[in-house]
Every structure is written in C-alpha cells, then in structure tokens.
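Visitor: Listed below, chain by chain, are the residues.
There are 2 protein chains.
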Amino acid sequence: MNITKALASFDALWSPRIVATVNDYDIRVTKVKGEHLWHSHPETDEFFMVVEGELDIALRDRTVHLGPGDVFVVPRGVEHKPSSAHGAQILLVEPSGTSTVGDPLEEVPDHVDATTGHALRLP
Amino acid sequence: MNITKALASFDALWSPRIVATVNDYDIRVTKVKGEHLWHSHPETDEFFMVVEGELDIALRDRTVHLGPGDVFVVPRGVEHKPSSAHGAQILLVEPSGTSTVGDPLEEVPDHVDATTGHALRLP
Chain A
1 MNITKALASF DALWSPRIVA TVNDYDIRVT KVKGEHLWHS HPETDEFFMV
51 VEGELDIALR DRTVHLGPGD VFVVPRGVEH KPSSAHGAQI LLVEPSGTST
101 VGDPLEEVPD HVDATTGHAL RLP
Chain B
1 MNITKALASF DALWSPRIVA TVNDYDIRVT KVKGEHLWHS HPETDEFFMV
51 VEGELDIALR DRTVHLGPGD VFVVPRGVEH KPSSAHGAQI LLVEPSGTST
101 VGDPLEEVPD HVDATTGHAL RLP
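The listed protein sequences derive, respectively, from chains A and B.
For the first sequence, the UniProt record's numbering begins at 1 and goes up steadily by one.
For the second sequence, the UniProt record's numbering begins at 1 and goes up steadily by one.
It is worth saying that the hints were derived from the structure and are not from the lab.
Among the hints, a few may not be true.
Any copy, or any two copies together, can satisfy a pair, since identical chains are not distinguished.
Said to hold, decoys possible - Cross-link-like lysine-lysine pairs, in silico, DSBU-like; alpha carbons within 35 Å at most:
1) Lys33 with Lys5
2) Lys81 with Lys5
3) Lys81 with Lys33
Extracted from the complex, chain A is given alone in its bound form (with noise of 0.2 Å):
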C-alpha cells in the first residue's frame, strides 16, 4: 500500500480512506477543500499530518497552519475546524471507528462525510 497512489485513487472531499490498521487504530489518507466544522472528539485525540497542501486547523483560540510534513495533535475534547483554502491531502491517526464529524457543534455540511473511514478500492 503506498499512500501517493492511495490518496490518487478517490477524488472525494473530506471522506477519509483507511490504509492500514494498527491494532483498533486507523491510519486514514482524505482530500481536503473548503471548509469542514466545529466538532470535538470527546473520547480521542486526532493526529494529522499534511501529506501535500496546506491546512487550517482553527481552535478557538488560534488558527494552526499546516505545510508538508506538519504534523499536528488535537487532545481530545478540544473543539476545531478543519479548512484548506487552496486544498489539501492528509494522515490521520484516530481508533477505529472514531467519526469524522466527532460531536458536532454546527449542522453537518452536505460537502462533508459523516463516517467512520472509508475500505480503499484501488484499481
């Protein structure tokens, strides 16, 4: 599994991919564009790492800005807001089963998967 040809093999936005499995973790690859929402994971902390691009991740007191290779830890609980103006590809790091939408503070967007983590289905 390589995750270049991972992250090439779905366009959709804010729908993470599972590439591995360790013990009840997910790594997961998404695309990222726009504007994700306020939520907060009560029971886990989120690890993202930028594969390519740039991504905002607001808290609610600062905006961390993400390059290539930044990586980044949300403790769990903390309420943010993903976003990437011009676009991203990222890592993440959260158990099995944890919801991209956590508890949200804000209606879910159309634009934005409410799941799990996605099987990869590579070509």
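Use these hints to put chain B onto chain A, whose structure you have.
Guide: Here is chain B on its own, set in the frame of chain A:
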C-alpha cells in the same frame, strides 16, 4: 512539529524519536541503515511508513520492499527484521512504551538502540 525538521535534528540510526502522542500511541520517526535484528512484538502491531529511501522488512516467508510513501503493518507476534542497504527515514505508529527490539530473537547488536523512543530535542 515538522517531520522533515524532526528527522534533520538527529543522526543516530535505529534510534526513534517521538514526534507526537495520540492517546496512548506514539508517532515516531527514525533513521535506519544496515540491519536491525530478528524480533517480534507479542503485544502489538507495528506500522511503518517510509518517508525517504528504501526499507526491507524480512518476514520468515518473504521480504517486503518499501519505498517512499509505502506503508506496512507487521502484525503482533510476527517475527521480522528490518534492514536498509542504502538508508531510509521512517515514520512509525505503535503503542507508547513499545520497545524497538520487542521480544529479541538474537543478541541486540551495538548499533541498535533498545529503547521505547526518545524525546525530540529541536534546536
């Protein structure tokens, strides 16, 4: 935290640095060259992603060859021996406290650091 900068901050081989923790899991980066040793982790899976270079992971019945962006999970209890003829930079995901040598099946050579991961010391 940037994984390229993290990897540039140390030279030691087979001696992982912890770049982030996600609940009770570590995200580690490590530089490797030459041979590690046959070992297993009876308690946990181990996730490898190659950031740069090429890594071989010998299993008892085959050898997995990994290049940049390739990911592989060694299942818990599976005997394996990583090696890299020309050197590689790697990202690892495994539970905090997991030893680099796990349950060693041969004497730990002097060039391998038996550790649960070191803190990063960025300049």
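Visitor: Give a verdict on every hint.
Guide: Verification of the supplied hints:
no.: 1; hint: Lys33 with Lys5; result: both (19 Å within a copy, 26 Å between copies)
no.: 2; hint: Lys81 with Lys5; result: both (27 Å within a copy, 26 Å between copies)
no.: 3; hint: Lys81 with Lys33; result: within (12 Å within a copy, 40 Å between copies)
Comparing the model with each earlier hint shows no violations; every hint is respected.
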